[in-house]
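Participant: Protein sequence lines correspond, in order, to chains H and D.
Convert by adding 54 to the 1-based position in the first sequence; the result is the number in my numbering.
Convert by adding 502 to the 1-based position in the second sequence; the result is the number in my numbering.
What the hints contain is simulated information worked out from the structure, not anything from laboratory work.
Incorrect hints may appear among the rest.
[Stated by the list, open to error] Covered stretches of chain D (chain H as the covering partner; in silico rule of three or more C-beta atoms under 8 Å from a C-beta of chain H):
id : segment
1  : 554-568
2  : 579-590
[Unchecked claim] Straight-line Cα separation of at most 27 Å, DSS-like style, residue types lysine-lysine; simulated pairs:
id : chain 1 : residue 1 : chain 2 : residue 2
3  : H       : Lys169    : H       : Lys274
4  : H       : Lys320    : H       : Lys310
5  : D       : Lys541    : H       : Lys274
6  : D       : Lys581    : H       : Lys274
Predicted, not measured: the structure shown is a model, and the values here were computed from it.
Just so it is clear, CB atoms sit at the ideal spot from N, CA and C, and this is done for glycine as well.
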Amino acid sequence: MIRAGGPARAVLLCAAIAACQTPVKPGDPVRGLTKDQRASFDRGQVVFDSTFTPATGLGPLFNSDGCGECHEDPVKGGVGDEVELHASAFHAPVCDPLAAEGGFVFQLKVTPALKAALGIDSEPVPPNATARALRTTPVLFGRGLLDLVPDSVILSYADPDDRNGDGISGRPNHFVDGRLGRFGRKAFVPRLDEFNNGAFSAEMGVTSPAVLTEETVGGKPIPAGVDPVPEPEIDQAVLDRTNDFVRLLAAPTPLKASKDAKRGRKIFVDIGCAGCHTPTLRTGDSPIAALSHKEVAAYTDLLLHDMGPDLADMCLGEATPAEFRTEPLMGLRLKPNFLHDGRDTTPEQAIQSHGGEGSRARDRFLGLSPSERVALIAFLKTL
Amino acid sequence: MKVLAITAVLLSSLLTQAPSSLQPAAYTYQGTVQAVHPKTASFDLVIGVGYALRVLHMRTSPVTQFAGDGARLSLADLKPGDIVRAECRMTPTGLVADRVEKVEPSGSTQERMQ
Chain H
55 MIRAGGPARA VLLCAAIAAC QTPVKPGDPV RGLTKDQRAS FDRGQVVFDS
105 TFTPATGLGP LFNSDGCGEC HEDPVKGGVG DEVELHASAF HAPVCDPLAA
155 EGGFVFQLKV TPALKAALGI DSEPVPPNAT ARALRTTPVL FGRGLLDLVP
205 DSVILSYADP DDRNGDGISG RPNHFVDGRL GRFGRKAFVP RLDEFNNGAF
255 SAEMGVTSPA VLTEETVGGK PIPAGVDPVP EPEIDQAVLD RTNDFVRLLA
305 APTPLKASKD AKRGRKIFVD IGCAGCHTPT LRTGDSPIAA LSHKEVAAYT
355 DLLLHDMGPD LADMCLGEAT PAEFRTEPLM GLRLKPNFLH DGRDTTPEQA
405 IQSHGGEGSR ARDRFLGLSP SERVALIAFL KTL
Chain D
503 MKVLAITAVL LSSLLTQAPS SLQPAAYTYQ GTVQAVHPKT ASFDLVIGVG
553 YALRVLHMRT SPVTQFAGDG ARLSLADLKP GDIVRAECRM TPTGLVADRV
603 EKVEPSGSTQ ERMQ
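Here chain H stands alone, though its shape is the one from the complex (with noise of 0.2 Å):
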C-alpha cells in the first residue's frame, strides 16, 4: 500500500493553506475563475434554486422538487433535514440495486395525479429488498475539485488485502459499468456530472436528455396520463448550468485553529484517524485552471472500508452491507448530524460509532484524557 507519505505533514499544508488566504465561505465559487466561469457558477445557483411542479416536469415519484430544497443548509449547496430510503437486496457476493424494481432509491413523495391513480404516497420498497437504509443530504461543497483527483490516487490507497497490517483495508467501489466509483456514501458514482444529472431522475423526477425515461413504480411503468411533460422534461442546457454550479462550488476554508485544535490536528494523525480520513488529495488535470493540479482538503480516501456490523445496512456495486466510504471531512462544522443516516449529532458520538476498520482509532480516541479529546473536537470543527 502507498500511504501518503507524511499525514501529519498534510494536515500542517492544510493548515498553512487555510493561513495564507482569506477564507472562503460557504457557498463561494473556487477561487481564481475566469469572468464568463464565474458567469456560468452565477446561471447554474439560478438552476439550482428553481424548483419544479408537476407541470414543469416533476415526479411522478419524486423526493424533492429542486436541488436547493435539500442543499439548503447553510447556504445552497449546503445540508438539509430530508432524510431519504434507499433499499438493495445483497445476495453475497452480488448485490442487487433493484433496478428492475425502480433502482434502489425510493422516492418519498408522488405528484397528486399519480396518487389518485395508484393510491399510493411513496413508492413501495419491493418485498425482495433484504435492507432498507437512510441516507442524509451529502454536502457539495469542494466536491468538483474531488472529482477531479484521478483514479491512480485514489487506487494507491486501496490495501484490499491489509497487506501492511494497520488493520486498515480499503477497496474501491465500481459503477455497474466498471468504472471507478467516489461519490455518494458507498462511491458508487463515478463522476460528479453523473451524480447530478442521476439527481433530476431519482431525486426529482425529472427527466433529462442524460435520462430520457421517468422512474418506475417498482418496475412497473408510470399509468397514462399521470405525467403530462414529454420527455425529455429539461433540456442538455439545465444540466450543464447545474454541473457548472456544484462543480465550481468551492470547499469552505477551515477556521483558524485554536491552540487546542493544532494539539488535535496532531493527536488525529497519531491516533490514526488519518489512516482513512486522508488530509489532503491532489486533483489532476482540467481546463479550468482554478481547479487543476490544486490540493484539496478532503479527510477522505474516497475508498470503501468496513465499518462493523452496527453500521451495515445495504449493498451498492460490490459495496457490503458494513462497507462505506470514507466521508470527506471538509464542511464537517456546518454538519449538524453525523454518519451517512444521520444518527449522531456530535462528531463524539460519530467517532464512537466507528467500528470495524474504524475500531483502532476509535478505541484510541476513548484512551485519550479528556483534554486531549475536547482537543481533536476541536480541530474537527475547524474543518
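Assemble the complex: chain H is given as a structure, and chain D must be docked to it using the hints.
Facilitator: Just chain D now, kept in the frame of chain H:
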C-alpha cells in the same frame, strides 16, 4: 417476467448511434448482468447514470458473439454481477445483441496486469 424491457432508454453516455438511418439503430451498452435467461436466450443488463438505474432486456441469437479473457464464451458463461459491453440492434421485438464481451472493472488486478 417482472423485468421491463425499457428499450427506449437511450442513456447518452452509453450510446453509440449508427451513422446510417437505413440500417437498424445500433447501440453499445456497458453494464452489469442482472439475470440470464437460458430458455429465452436472453439476459438483463443494468445500466444507468448516477443513482438513476434502468434495466435493459436483451435477446441473443445463434450468431451473437460472446468473448472475454481472450476466449470465446457463450451465454451460459454469463452470470449475475458480470460487467459486459454489449453491441446490439433495436428490432421490432426489442434489443438483439450482436456481440457481448465481458470486461474487468477499472483498476482491477486483471486490468493492471494488461
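Participant: H/Lys169 and H/Lys274 were given as a pair; does the straight-line alpha-carbon distance stay at or below 27 Å?
Facilitator: OK: H/Lys169 and H/Lys274 at ~15 Å, within 27 Å.
Participant: Take the segment 579-590 of chain D, compare each residue's beta carbon with every beta carbon of chain H, and decide whether three or more fall closer than 8 Å.
Facilitator: That given contact holds, which follows from 3 residues of the segment 579-590 of chain D lying within Cβ reach (below 8 Å) of chain H.
Participant: Going straight from one Cα to the other, do H/Lys320 and H/Lys310 come out at no more than 27 Å?
Facilitator: Roughly 15 Å between the alpha carbons, so the hint for H/Lys320 and H/Lys310 holds.
Participant: Can you confirm whether the C-alpha distance between D/Lys581 and H/Lys274 stays at or below 27 Å?
Facilitator: 25 Å, holds
Participant: Could you grab the alpha-carbon distance between D/Lys541 and H/Lys274 and see if it respects the 27 Å cut-off?
Facilitator: Holds: D/Lys541 and H/Lys274 sit about 23 Å apart, inside 27 Å.
Participant: Please verify the coverage claim for the segment 554-568 of chain D: does it have three or more residues whose C-beta sits within 8 Å of some C-beta in chain H?
Facilitator: Answer holds; 4 residues pass the 8 Å Cβ test.
Comparing the model with each earlier hint shows no violations; every hint is respected.
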